[in-house]
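Those protein sequences? They're chains A and B, same order as listed. Under the working numbering, the first residue of the first sequence is numbered 22, with each subsequent residue one higher. Under the working numbering, the first residue of the second sequence is numbered 5, with each subsequent residue one higher.
Since the hints were derived computationally from the structure, they do not count as laboratory data. A few of these clues could be false.
Restricting the straight-line Cα-Cα distance to at most 25 angstroms, the calculated cross-link-like pairs of lysine to any residue (SDA-like) are [to be verified]: (1) 42/B x 189/B; (2) 77/A x 428/B; (3) 135/A x 299/B; (4) 33/A x 351/B; (5) 467/B x 95/A; (6) 33/A x 382/B; (7) 248/B x 189/B; (8) 65/A x 95/A; (9) 50/A x 189/B; (10) 304/B x 278/B; (11) 467/B x 481/B; (12) 77/A x 42/B.
These numbers come from a predicted model, not from an experiment.
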Amino acid sequence: MAKVIIVEDDVKLAQNYQQKLTQEGFEVKISEDVAAVETIRAEKPDLVLLDLLMPKVHGLTILRELKMDAELETIPVLILTNVEGANELSEAIAFGASGYLVKADTNLDILVSKVKEAIGSQAIGTGIKG
Amino acid sequence: MDPLAVGVSAFMALSAFIFGAGFILIRQKYTGEVKASKQREEEFRRKMYEAEVLKEIGDRIGYSLDAAKIVDIISGSLGKLLPHSTICHMLFDKKEDKVNFSCSVNEPVSPLFIKDVREKMIISSKEIMQKPILESEISESIAGAVLDEKMQGFVKSYFNLPIVISGKLVGMINVSSTQADLYDHSNTEFLFTIAKNAASAVSKLQEVLENEKSKLLQAVDSLSEGVIMVDTNYKLVLVNRKLKQLLSLVENPALFDVVNALSGNLDLRSLVDEAIAQDDDLPPREIEVRDKVLQVLASKVVDKKRQKEIGVVVLFHDITDAKSLEKLRNDFTSMMVHELRAPLTSIKSTVELLQEGIYGKSATDADRQLSSVQSTAQTMLEVVNDLLDVAKMEAGKFDVISEAGDLQGAIRDRAEAFKSMAFAKNLKITAEIEENLPKAYFDKVRIKQVLNNLLSNAVKFTKSGEIKIKVSYQEEKNIPMDILVAVSDTGIGIEPDEGDKLFSRFGQLVRGSRSFTAKGSGLGLYIAKGIVEAMGGSIWYESEGAGMGSTFYFTVPLADSVPDYRAAASDRVVINKIARA
């Protein structure tokens with residue numbers, strides 16, 4: 022079963038994503054921004070869904086830490102954002118994010134297909150259901 | 005002897021004596037007149053000469069002043085007045101430490117003669133300047149009759165005419181001859197007078213020019229833009245005060261200092277080259293130096309008379325504030341997009357899950373999901389309302405309808421309303437209201453908005469402790485002035501640099517990520533300020549700093565103190581529109 026970690030400060034939204042992805046057969050954990058890197062190191066997920074605008078630690082900081090860590094740099098990261106065209110988004114791609122999702126424009130089915138695509142392209146997560 | 009003959013001869017003798025004497029007298033008178041007229045003529049010639057020299061100096065000097073011209077004019081015409089073998093002059097260039105020695109030779113002399121002249125001039129200059137002249141500093145040019153090695157003789161007579169402008173020796177003229185005793189006080193004094201007059205005329209002109217120049221320099225100095233001028237040899241001609249300040253330059257910087265301060269952000273040399281090569285002004289460019297964003301404009305300076313480039317003026321316009329405002333605007337837009345989209349996203353996905361039946365499998369689960377949708381929608385509504393209020397305020401269409409009333413009711417009501425929110429965070433809310441509070445003059449709906457903003461901030465930014473509302477009225481000479489409302493918390497406090505921007509449209513952005521935990525439009529204080537001021541009060545805050553809590557104050561005018569209200573002597577309602585830039 023492929024493992025996904027959601028790093029997102031909007032708890033309600035994170036729970037909604039968790040519900041949907043669990044339904045689709047993923048193992049999903051939600052992490053707080055401050056604990057994100059540690060959680061990812063411990064869990065070794067197949068994919069990270071990472072919000073950018075969070076209160077304590079900015080998503081870009083987390084992304085940079087992940088990509089500078091030899092052990093974690095191969096884990097694909099999908100950026101969650103609500104602000105298209107922000108500089109941060111291009112910075113995130115430059116730092117090695119696999120792609121991004123504009124939350125307001127994404128319904129749950131698109132989320133699922135993007136998650137599958139991101140994991141698939143990394144040729145990890147053989148146990149994906151559906 | 006015949007007495008007649010005696011008489012005649014005596015007469016003749018007498019008359020011969022008389023005539024003889026008369027003749028002598030006349031002769032004497034005549035030579036005196038000739039001498040005097042010669043002197044007058046001489047005097048006249050000298051006067052003419054002086055006038056000519058002064059006129060020529062006036063004509064030729066114009067706006068470019070140099071000692072060389074004066075020396076040239078005086079020594080050039082001097083030859084016509086006095087016999088001489090050579091007329092030589094020296095020019096002292098203080099800046100370059102150079103002495104220019106040049107001679108016009110009228111009749112053949114020996115090289116030793118010239119050497120002698122030179123020696124005499126050096127000695128005299130040294131005395132005036134109180135400073136030795138080094139041989140290495142002197143460059144020499146000789147023109148006119150050839151120098152003849154076979155010629156004998158040194159300088160037999162000479163005089164030196166120093167040219168002193170504004171107290172400084174700028175040049176010296178020497179007239180020398182192979183003949184002795186040619187020059188004395190009487191035939192050279194007028195030259196000294198001319199030199200003095202010419203020098204003082206030039207000094208005055210120089211003073212005027214210096215004044216004009218300093219006026220121009222002062223104008224350039226007081227410009228709000230940084231300015232430098234570089235000549236075509238990349239030499240720094242001018243740096244104004246603003247640029248020194250912008251680049252933190254030393255008092256008298258060299259071009260090197262400017263280039264250094266620009267620390268590789270601008271290639272000044274190629275900018276100068278480009279500006280000279282282009283006919284039009286170069287398009288402005290932006291550079292970042294020392295946390296400042298500078299717009300750089302370069303254009304060449306052309307000497308119109310000579311149709312020649314003499315340098316390039318570079319203007320540095322500090323656009324840091326405009327840039328940071330632009331960034332604030334962009335950040336604000338991003339924040340608003342985020343604040344509006346986040347609740348929508350949450351609502352949308354919850355509804356999707358309900359539709360798919362992933363949520364709402366039980367009635368309580370469905371209920372829980374729906375109430376979460378409802379509260380998220382409420383949050384969003386508040387953000388939208390704030391945005392609409394600001395839009396109205398900025399369009400001047402935000403109405404504040406004031407009337408006389410009791411403030412304490414409104415305050416108690418809000419304190420009560422926030423109790424549950426405070427309780428959820430284990431915070432205490434207390435309201436202390438002074439007794440016999442006079443009637444105030446306010447908008448009953450808008451005052452709620454002000455209190456809501458202050459109280460919700462207090463709760464949001466406080467982890468533990470309490471929130472106090474204190475209402476009192478202020479007096480001046482026993483006359484009640486207005487009502488003072490204070491909302492204090494024991495929260496994160498306000499750092500000094502957050503300052504007045506707190507009440508600006510971008511207040512929350514200024515507070516930075518520290519306040520980002522608190523959701524909302526971040527426009528609360530901006531709106532509160534607008535309302536309080538439209539009601540005739542003022543709003544401010546006090547905080548000892550980060551982590552020290554903060555107190556927000558606002559005043560509400562007393563009903564009695566509002567002239568409109570008093571004049572109408574009734575509960576007349578006054579509408580104040582808020583219009584802001």
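Legend entry - Pairwise hint evaluation, residue 351/B against residue 33/A, where the allowed Cα distance is 25 angstroms at most: Status holds; Cα separation ~9 angstroms.
Legend entry - Agreement of residue 248/B and residue 189/B with the hint, judged by alpha carbon distance not exceeding 25 angstroms: It is violated: about 55 angstroms lies between the C-alpha atoms, which goes past 25 angstroms.
Legend entry - Satisfaction of hint between residue 42/B and residue 77/A, Cα-Cα up to 25 angstroms: violated, 106 angstroms
Legend entry - Pairwise hint evaluation, residue 428/B against residue 77/A, where the allowed Cα distance is 25 angstroms at most: holds, 22 angstroms
Inset, instruction - Sort out whether residue 382/B lies within 25 angstroms of residue 33/A, counting only the CA atoms. - result: holds, 15 angstroms
Legend entry - Pair hint outcome, residue 50/A versus residue 189/B [Cα-Cα no greater than 25 angstroms]: violated, 112 angstroms
Inset, instruction - Quickly compare the C-alpha distance for residue 467/B and residue 481/B to 25 angstroms and report which way the hint goes. - result: This hinted pair is violated, its Cα atoms lying about 41 angstroms apart.
Legend entry - Pair hint outcome, residue 42/B versus residue 189/B [Cα-Cα no greater than 25 angstroms]: holds, 18 angstroms
Inset, instruction - Assess, step by step, whether the Cα of residue 65/A is no farther than 25 angstroms from the Cα of residue 95/A, and give holds or violated. - result: Distance of about 10 angstroms is within 25 angstroms: holds.
Inset, instruction - Would you check the hint for residue 467/B and residue 95/A, treating anything up to 25 angstroms between C-alpha atoms as holding? - result: violated, 39 angstroms
Legend entry - Hint consistency between residue 135/A and residue 299/B [alpha-carbon to alpha-carbon, up to 25 angstroms]: violated, 44 angstroms
Inset, instruction - Given the hint that residue 304/B pairs with residue 278/B, test it: the Cα-Cα distance must not exceed 25 angstroms. - result: Given that 25 angstroms is the threshold and the Cα spacing comes to 9 angstroms, the pair holds.
Hint compliance for this structure: hints 3, 5, 7, 9, 11, 12 are not met, and every other hint is.
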